[in-house]
Structures are given as C-alpha cells and as structure tokens.
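Mapped onto our numbering, the consecutive letters of the sequence shown carry residue numbers 1 to 380.
Accuracy of the hints is not assured; some may be wrong.
[Said to hold, decoys possible] Here are the simulated DSSO-like pairs of lysine-lysine, each with C-alpha atoms no more than 27 Å apart in a straight line: (1) K141 / K45; (2) K242 / K28; (3) K160 / K130; (4) K179 / K195; (5) K172 / K302; (6) K160 / K113; (7) K302 / K179; (8) K160 / K45.
For the record, the hints were derived by calculation from the structure and aren't laboratory data.
Remember, it's a predicted structure, so these values are computed and weren't measured experimentally.
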Amino acid sequence: MNSTSYVDFYKKHNICPVLNNIDPLFLKKRAALYFQLGIFPSFLKDKTVLEFGPGNGINSLYTNSLGPKEYVLVDANPTSLENCKKNFQDSFDEHDNYSFVNSLVDDFQTNKKFDLVICEGLIPHQHDPKSCAKHAASFTKTGGLFVLTCHDFLSFLSEKLRCFISYISVDKDWNFDQKVDQITAQLSSHFKILKSMNRKQRDWVIDNTMQVEHWTETPLFSVHDAIEALDESFIPVGSSPKFINDLRWYKDLTDDNDFLFNKHALEKYWKNVHNLIDFRFEFPERSARANKELYQMSINIKKLISNYLAEPSNSNGEAIIALLYEIKRSVEEFSEETARAIQCYIDNLSRVFNQQPTNFTHFQNWWGRGMQFLSLLKVD
Numbered sequence: 001m002n003s004t005s006y007v008d009f010y011k012k013h014n015i016c017p018v019l020n021n022i023d024p025l026f027l028k029k030r031a032a033l034y035f036q037l038g039i040f041p042s043f044l045k046d047k048t049v050l051e052f053g054p055g056n057g058i059n060s061l062y063t064n065s066l067g068p069k070e071y072v073l074v075d076a077n078p079t080s081l082e083n084c085k086k087n088f089q090d091s092f093d094e095h096d097n098y099s100f101v102n103s104l105v106d107d108f109q110t111n112k113k114f115d116l117v118i119c120e121g122l123i124p125h126q127h128d129p130k131s132c133a134k135h136a137a138s139f140t141k142t143g144g145l146f147v148l149t150c151h152d153f154l155s156f157l158s159e160k161l162r163c164f165i166s167y168i169s170v171d172k173d174w175n176f177d178q179k180v181d182q183i184t185a186q187l188s189s190h191f192k193i194l195k196s197m198n199r200k201q202r203d204w205v206i207d208n209t210m211q212v213e214h215w216t217e218t219p220l221f222s223v224h225d226a227i228e229a230l231d232e233s234f235i236p237v238g239s240s241p242k243f244i245n246d247l248r249w250y251k252d253l254t255d256d257n258d259f260l261f262n263k264h265a266l267e268k269y270w271k272n273v274h275n276l277i278d279f280r281f282e283f284p285e286r287s288a289r290a291n292k293e294l295y296q297m298s299i300n301i302k303k304l305i306s307n308y309l310a311e312p313s314n315s316n317g318e319a320i321i322a323l324l325y326e327i328k329r330s331v332e333e334f335s336e337e338t339a340r341a342i343q344c345y346i347d348n349l350s351r352v353f354n355q356q357p358t359n360f361t362h363f364q365n366w367w368g369r370g371m372q373f374l375s376l377l378k379v380d
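Can you build the whole structure from these sequences, using the hints too?
Now the structure itself:
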C-alpha cells in the first residue's frame, strides 16, 4: 500500500466511482450537513475555499453556490477532474472564481491560506492519514474551518464484513467486470435498505469490495484520531452525526483549564462511539471502557480477515467466527437486533466456508453510520 494506490486503481480502470445522482432534495441535504458543521450560508460569501478530492464535483456545486470569491479544487484522478470541470462549467459558465489543480494531497503546495478547507471522503484509507490530515489542515487560516470526513472501525464493521463475504464468494476465474456484476447482484437487497443512497450500486462495489486494500490493509482515521492529530491548533466545532453535547456553563472557563474543548469532545466520543455501529438505532451513552473493548475487537477482526485472505485455512476461518461471537456478546448489551444481524452473518460465513447456500435476511439490514463529518476551528 502506498500513497498513490487509490489513484492508480482509478486510472487503471478509467473510473471515478463517486458519481452521485442529484435528486430534488440534494441542495437541502448539503445545507443540512453544513448547518451541523457550523457552516451557515452567509459564511462563505466572498470567502476562499480549498477542496481536496472533489471527485466529480457534485457536492462542490453546492459550496460554490454560496458565493466564495475563490474556489480551488485539487484532485489527482484525471477522470475526476474532467467530470468536475464539466459539472462546474455547466452550472457556473459565467463564473471565473474556480480553478482546478492536478495533484495528490501530499504534493500540493501554496503560500495561500483559506477560510474553508475541505477533505471529504479522502483521508481515511490513506497510507498515512494523520500526516495527510495535518498537511491538508495547514492551509487553513486562523479563524477558518477545516472540514474532513472520518471513518471509524465500528461504523465500518458491517461494510468490512460485507466486503469479505462477497469477495470470497465470487468466482476467482472471472474477469473484473464479471466479478463486479456478480457482487452487485448479490448485494442488491442490502443496498435497498439504504433509502437515501445516491451512489450507483456498481460504483460502490468497485470502490469498496474490489479494492481489497480498502478493507484489509489501509488504516482508518476516526474522529478520535482527527482531534488528537490536530489538537495543538484546532478545536472541534460541529459533526455529523452530532455526538458532542456540552452542558458546562461558559462562565466556568478559566485560564487554568481553557475549557478543555478537545478533551471533552474525546470523552463524549468514547461514550457514544457504539452509536456508529448500526444506523437504524440511537442508543444511550455507554461506558467508555466497554466501548474501547468493542472498538479493539473490531480492529482485530480486520487483522484476522487479512490473515484468512493470505492463508484461507480452517483455523483462520474459525478465529474470525470466534471473535465475531465475542463482538456479538458485547453488542447484545445495547442492541439485540444488531446482535441478531451478527449471528446471521456468522451462520452464513460458515455456509460460505463449506460452499453451502446462504440467506442474509437479517444481516442485509445492518449498515453502520458510514463516514463521519467533523469541522474544526483553526485557533493558532
């Protein structure tokens, strides 16, 4: 795994697998997201924006509609840049406030500082997400906002398991497109659960299941990781989903504790991180210790899956199932329905190992809360 693995994959297959469909509610959805992040419509008027990895630029169209005086879009995938340019030209043909740069995040350099810096769907799964985040954030003005998406081991758990069982089920002698078609058909009933999914199912399979590094080798980058990595210069402002409620009295702020915004956010994260495991439910706060144990188990599952792919033996398969039973027991403490989905997965994984027919009735309904958005204020 290296810093260009994803770009190389997209170039090889000449794809930009983030093509979204703009439904009538698209602008309202983006406005709601920005509201959660503390970005109000008037904030960007005549401001400067830098965005890394805009893909086809669909999400960026809303940002530019808010009237920034300068918008720089950076991407290293030629197909993405081509689509992005076309979408901007079609929507803003009389505007000249935007420009495009063909560059990797790590290679981008400029002396400018921006009011808003965006890294959406980009930093998790990089070879060194911490370094990537710090480099991207370095272009934020003091008093400006840095927005990134994070990916958590618990929110990613169901997707990782879904990719694994799909990948080992597919016919290894088929070519790339045949494998994609087979997995897409296999997961069609799973995708139907996501009513607001605006991404093509085939694109999801390409960008997730077919990039084995995505769910076996690459590191994730959680909200916890982001706050710690940027702690010296940034404090969290908003998130989607929201997990920080702060009942402290503002007059309690003293020079001694500086209100400890980052520490408080991390404490709330660990008490609520189990809420990322299943998008169907909202659970009350749980002990940080229990959540950290569950989190570590989800990390270990990734390692066991990698071991199985390297050596598909009975012992490696049994190790995965044994750990899944431990995860199920922990999850049962707050969600019987999620535990039921895990049991369904265990049963079907055993059937796949034994080349028997499968039935994912309960597992197909289980998805995590995907990526989390986080906005941070540059204070130093």
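Earlier hints that do not hold, by number: 6, 8
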